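Colleague: Given chain A, work out where chain B should sit, using these hints.
If you read the sequences in order, they're chains A and B.
Read in the working numbering, the first sequence has 83 at position 83, and its numbers run on one by one without any break.
Read in the working numbering, the second sequence has 599 at position 289, and its numbers run on one by one without any break.
Hint data in this document are derived by calculation from the structure and do not stem from the laboratory.
Bear in mind the structure is a predicted one, so any value in this text is a computation, not a measurement.
Take the hints with a grain of salt, since some may be wrong.
SDA-like cross-link-like pairs, simulated, lysine to any residue; straight-line CA separation at most 25 Å [to be verified]:
(1) B:338 x A:233
(2) A:28 x A:117
(3) A:28 x B:585
(4) A:167 x B:465
(5) A:121 x B:457
(6) B:431 x A:185
(7) A:155 x B:477
(8) B:338 x A:117
(9) B:531 x A:196
So these bits of chain B aren't anywhere near chain A, every CB distance computed over 10 Å [said to hold, decoys possible]:
(10) 356
(11) 393
(12) 395
(13) 421
(14) 432
(15) 460
(16) 472
(17) 482
(18) 494
(19) 496
(20) 531
(21) 554
Built from N, CA and C at the ideal position, the CB exists for glycine as well.
There are 2 protein chains.
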Amino acid sequence: MNEITTVTDTISDDRFAAGCGFSDGAYKPISEVTISILDWGFNKSDVTYDVVHVWDGGFFRLTDHLDRFWNSMDGLRMSIPHSKDEVAEILTECIRRAGLRDSYVAMITTRGVPAPGMPRKPGLITNRFFAYALPWIDVIAKDVQERGAHLVIAKTQRIATEAVDPKIKNYHWGDLIRAQFEADDRGADTAVLLDADGFVTEGPGFNVFAILDGTVVSPDKGALEGITRKSVFELCDELGVPVEVRPLTAQELLDADEIFTATTAGGVMPASRIDGHIKGNDRPGPISAKLKERYWQKHDEGWHKTPIDY
Amino acid sequence: MNEITTVTDTISDDRFAAGCGFSDGAYKPISEVTISILDWGFNKSDVTYDVVHVWDGGFFRLTDHLDRFWNSMDGLRMSIPHSKDEVAEILTECIRRAGLRDSYVAMITTRGVPAPGMPRKPGLITNRFFAYALPWIDVIAKDVQERGAHLVIAKTQRIATEAVDPKIKNYHWGDLIRAQFEADDRGADTAVLLDADGFVTEGPGFNVFAILDGTVVSPDKGALEGITRKSVFELCDELGVPVEVRPLTAQELLDADEIFTATTAGGVMPASRIDGHIKGNDRPGPISAKLKERYWQKHDEGWHKTPIDY
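Chain A extracted, bound-state conformation (with noise of 0.2 Å):
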């Protein structure tokens, strides 16, 4: 399911083959969008945004990640000069200009550029938009997929709610880089980070789940509403699987039966070992993969599909 299609039509152009983007008005290939170095986008990480990813020719739940996308600017007080439906048609004429029928789709709102002199008051920036599409490539490795992800629990701190509202998506990664870091030294493929008080948080751009007894537990707050998680959820409920959505401690998750993880880019992705505890013969759990292997199926069903009209 993992291999990229183009469609070749009229509209799809190899200048875009590696992505189109779309800033300033105008459609672009990916290497030129650009952003001034001088946004505070780029120099205060001052910026929103979402991914969206397509499927075989659909967007799954674009009107999620819109609402979600727009709650993000609400938060940090930024507007832009467009609608949801404007947004979704830039959106697709990115996957459009690239041919693509699955993809990685990002609408971003940044800050923007103050004027010189001006005072240094968020409010009074004129924020911009951008916007691109890439060709879907799996973030996490075939073997990896297969054997179950190898994870550790982080020295690194997640980044406080008090701080930073992990549900305004951000792109303040400092920890999550720092927790990668760890994890490769430590030969495992990611980590996952604790919140001051020890509760389980997230990891570099997933949900974190562990499975106890048979329910799925994952954390209440420090992390991201994920909108994979939400999907993960209705799957649970379609599978009479149990779910609590509650404070999970680093304890809890080093002896939970199965683990996995959810993102959009990769979706549901189980872990076989963390901090050398190694899960159900060290291999994708049962619930796990089953979760997995539905969130596909259910993809090619037309689950929350907006079709593209190519």
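Modeller: Only chain B this time, still in chain A's reference frame:
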């Protein structure tokens, strides 16, 4: 002392009047210095930087800034194909081309753009270097400089040291922007942030100092080891003012005899109000004002100055 002085010579060029930048081996007008939207320096804020100021034709504490920049890169496991001397020369050339005698000069290293399909390991990505020189513009308006800044203590917490190390200069300003909005909403100029334990850390781009019974007190953790802060300590030594670097509570700040802030982009900046508490007749306090005066006097005397060969 705050006007912009432009020298006209054979190198300076009108295209560079708004500033000159450097990226990908070339000098360019500041408006053309851009970063790919796919660079992790943008979309994961995986970036470090430093800013040095140029005053009356000379860098201020250039070596300190270069050393700190290199320490920041080491901390993030980044490297660039330039020596410190080469970076100094690039910065100098930006200043020359922009024809500036007073300037705000930045050096930046981003993680870079991963190759498509590359494993998500930050250590594999080739880092990128950027630099620019902008005309000196006071971040703090003249009237605020005269009356003293009005501060609030923000409800937003500073990002914890255990998540993102403030000693590595970073663009994680989500908390600082949120705090700046709190200040704007409350009619103040800017904000001071506390850590999770209620101790004073820093504000948006500046270190904080309280004067308590004639002693200058500045937080020992949770804040950048500012180079202007270091300069303040040297000035205190010269003026015979005792200094303590130790935990500082919010209540101590509210009760302080004087408060001031320090930043490369503006120097020493006295405050006259905090959360409605009025300090020293609603004007900059005498020790703060003296430190500010000496800070600029000593600039004129060539303190820590590296003259630029225009």
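Colleague: For each hint given before, does the structure comply? Return the numbers of the non-compliant ones in rising order.
Modeller: 1, 2, 3, 10, 13, 14, 16, 17, 18
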